[in-house]
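As a plain string of letters, each chain reads:
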Amino acid sequence: MNGVRVRDVEAHDIRVALHQVGYEQKAYWRNPMAAVFTFAFPIVFLVVVGSSAGSSRVPGYTLRYEQYVVVAMLTFGLIAACYTNLAMAVCTRRETGVLKRMRGTPIAIGSYMGGLIGSVLIVVAILTVIVVAIGMAFYHLHFPFHPGAVLVTLLVGIVTFCALGLAVTVIVPNADAAPAIVNGLYFPVVFISGVFYPLAQGSVLARIADWFPIFHMIRALVSAFEGGPGSGLQAGDLAVMLAWAAGALIVTARRFRWEPRRPKA
Amino acid sequence: MGPPDVAIAVRGLTKSYGSFAALRGIDLEVRRGEVLALLGPNGAGKTTAVEILEGYRARDGGEVSVLGFDPADRDRELRARVGIVLQECAVDPYLTVAEALAQRAYLYSAPRPVDEVVALVGLGEKAGSRVKVLSGGQQRRLDLGLALIGNPELIFLDEPTTGFDPSARREAWDVVRDLCAEGRTVVLTTHYMDEAQALADTVVVLAAGRIVAAGPPDTLGGRDHGVSTVRFVLPAGVAPADVPLPEGVVPEVRAGTVEFTVADPTRALHELTRWALGRGEVLAGLSVVRPSLEDVYLDLTGGQDT
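Note that the protein sequences, when read in sequence, are chains G and H.
Quick note on our numbering: the first sequence kicks off at 1 and runs consecutively.
Quick note on our numbering: the second sequence kicks off at 1 and runs consecutively.
Hints in this document: simulated from the structure, not taken from any laboratory.
Note that CB positions come from ideal geometry on N, CA and C, so glycine has one too.
Check the hints yourself; a few may be wrong.
[As the list claims (entries may be wrong)] Quick list of the computed label-pair ranges, beta carbon to beta carbon:
no.	chain 1	residue 1	chain 2	residue 2	range
1	H	Ser19	G	Thr128	50 to 60 Å
2	G	Glu10	H	Arg32	22 to 32 Å
3	G	Ala243	H	Arg177	50 to 60 Å
4	G	Asn31	H	His191	49 to 59 Å
[Said to hold, decoys possible] Far from chain H, by Cβ distances over 12 Å, these chain G residues were calculated:
no.	residue
5	Arg64
6	Ile107
7	Met136
8	Gly236
9	Ala246
10	Glu259
Based on the provided sequences and hints, a complete structural model is requested.
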């Protein structure tokens, strides 16, 4: 039986979700691979590239290159924590029967997913503090002028990339194929979206990247860090991300699989 | 549906995968406190049947009631009252045994204490070990512990002792007997005849999606009044034709051993032993064997592989 049905949420379900977060966190920090990918890569990249990025301004922005790299790496780490880790965890758990076993207990689906995503929230929060602290200490990144906008943008990013992480599991046939498909879909978009170097405005790449959520995430975050007028919120960018989130949630609700594909009997 | 002492009632259950009919009309009743064993070769439909009862698979037709619920509705109350041991189902490898049990216990309103369940399944020394370092047999014990932590009324065990060494199997059997003594209902699938013989009140044999036999293990397939096989070593200097046998019985002689089957072994043995004693002979290796559950099973399922 595929798909996800969410029923009424009760107080008990929320307590169970919080309880699950505790176990998800334990398991997360005991598994070095996922933690290393989420934390080490952005931090190492930040140290290596950030130190040579220089202090000239990024065209179209008021941020300097070295500051831009901090924001880009925050985005990269968030995607690793939400999209990549979540998709891998779900594919592995589906293949090994963890999800099937869970379906045989009285846990609400929302509590289980809430536990997974709550754990991701904690990871992103820690990552944000570390990356922003490095940026402020070494790369002249000022404390965001619009901290509320940073928070909202991060939350929209978490929703979007968690939803995409769940949705991508629909097309992953088995755990062996998961790394190739999960990364294969996302690396090209990362490369064209200005994560490793800012996009030239109006270029072909920028126009392609405009269709995908990563570029919008970076632009919205940069804007929230920059000291422009207004709230710092980029409604247009957030709308594009939320459109992706909505599409991903629809796919997930309809096609999510709890069990590995069975060979045809 | 069904009186209150019936835990599971199934009528006319059918299920197909594409053009393959996995279940072709199953009728089943499991009383409360009973241990029911589902036996059958691979592809007979055991797992399909059990997973429909567990709520994992949708049925095509028929009526199913589990503790008064339709499992297809996936009612939470039903899942709270049922414990399931699946085949090859992992636990998060980075949690410890005690953590995995405590995590699961939190989902139930009246769980059994973690320590008690750890001891029950014999994982006392491993309570603090991470799941990933457990042996295959220890993981199966944890599976059983996870199924029992919620204090279920009804327990499904899909091949619960596969991969156990003989002493671990005996211990697992004792656990199942204790569950039964506590008034819980157990439905198990197994490949092992001795397991069905040792545990089950009722054995149901499935073959090609149909029930081919059902009943207490001792009487299954007419075992209690089926033919018996008599064997003995032919004494030196005796021709097979000299041995007194019941009328119409044709003995087989292989490597000096005589073997024949007979419906009434009492009379045949009497004739045989009187003849031997009269000649002062000893009938070496004399044995009378009723068909084992395995023989009956192989007969019923057409000798397919288990």
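Checked hints:
no., hint, in the structure
1, H:Ser19 x G:Thr128: 50 to 60 Å, "holds (54 Å)"
2, G:Glu10 x H:Arg32: 22 to 32 Å, "holds (29 Å)"
3, G:Ala243 x H:Arg177: 50 to 60 Å, "holds (59 Å)"
4, G:Asn31 x H:His191: 49 to 59 Å, "violated (35 Å)"
5, Arg64, "holds (41 Å)"
6, Ile107, "violated (5 Å)"
7, Met136, "holds (33 Å)"
8, Gly236, "holds (40 Å)"
9, Ala246, "holds (26 Å)"
10, Glu259, "violated (7 Å)"
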